[in-house]
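S.K.: Position one of the sequence shown corresponds to residue 1 (the UniProt record's numbering), numbered consecutively onward.
The hints are simulated quantities; they were obtained by calculation from the structure and are not laboratory data.
This structure is a prediction, so every number in the text was calculated from the model and none was measured.
Even glycine gets a Cβ: it sits at the ideal position worked out from N, Cα and C.
Some hints here could point you the wrong way.
What follows is a set of in silico ranges between Cβ atoms, one per label pair, in the way DEER data are often shown [said to hold, decoys possible]:
1) Asp18 with Ala40: 30 to 38 angstroms
2) Asp74 with Trp44: 44 to 52 angstroms
3) Leu31 with Arg67: 14 to 22 angstroms
4) Glu52 with His76: 32 to 40 angstroms
5) Asp59 with Ser7: 32 to 40 angstroms
6) Ala28 with Glu78: 23 to 31 angstroms
7) Asp17 with Ala49: 30 to 38 angstroms
8) His60 with Asp17: 15 to 23 angstroms
9) Ala69 with Ser30: 15 to 23 angstroms
10) Asp17 with Ser47: 31 to 39 angstroms
11) Glu3 with Ser30: 36 to 44 angstroms
12) Trp77 with Trp44: 45 to 53 angstroms
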Amino acid sequence: MGEQQFSALRQAADDVDDAVAGARENVANSLEPSSTAASANRGWLSSGALAECRQAWSDHLVGVIERTAEALDDLHWEAE
Numbered sequence: 001m002g003e004q005q006f007s008a009l010r011q012a013a014d015d016v017d018d019a020v021a022g023a024r025e026n027v028a029n030s031l032e033p034s035s036t037a038a039s040a041n042r043g044w045l046s047s048g049a050l051a052e053c054r055q056a057w058s059d060h061l062v063g064v065i066e067r068t069a070e071a072l073d074d075l076h077w078e079a080e
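Put together the whole structure using the sequences plus the hints.
M.R.: Encoded structure:
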């Protein structure tokens, strides 16, 4: 691979790194209203289901982000 190709690969890795960081923040921010609603309405039967749903989505999305981060590690390794 030529230096220009390595440079492009490093730039792609940096771009994905930025996207992963943004995704982590977006997951936390987007699911916060569900957490707030579940906490504010503890006496409601739906609050437990809402908290469980929020956790399931969080686990799923964090898993996707983690798999992306693992692929990013490989991309960084290839770019070196």
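S.K.: Which hint numbers doesn't this structure obey?
M.R.: Those not satisfied: there are none.
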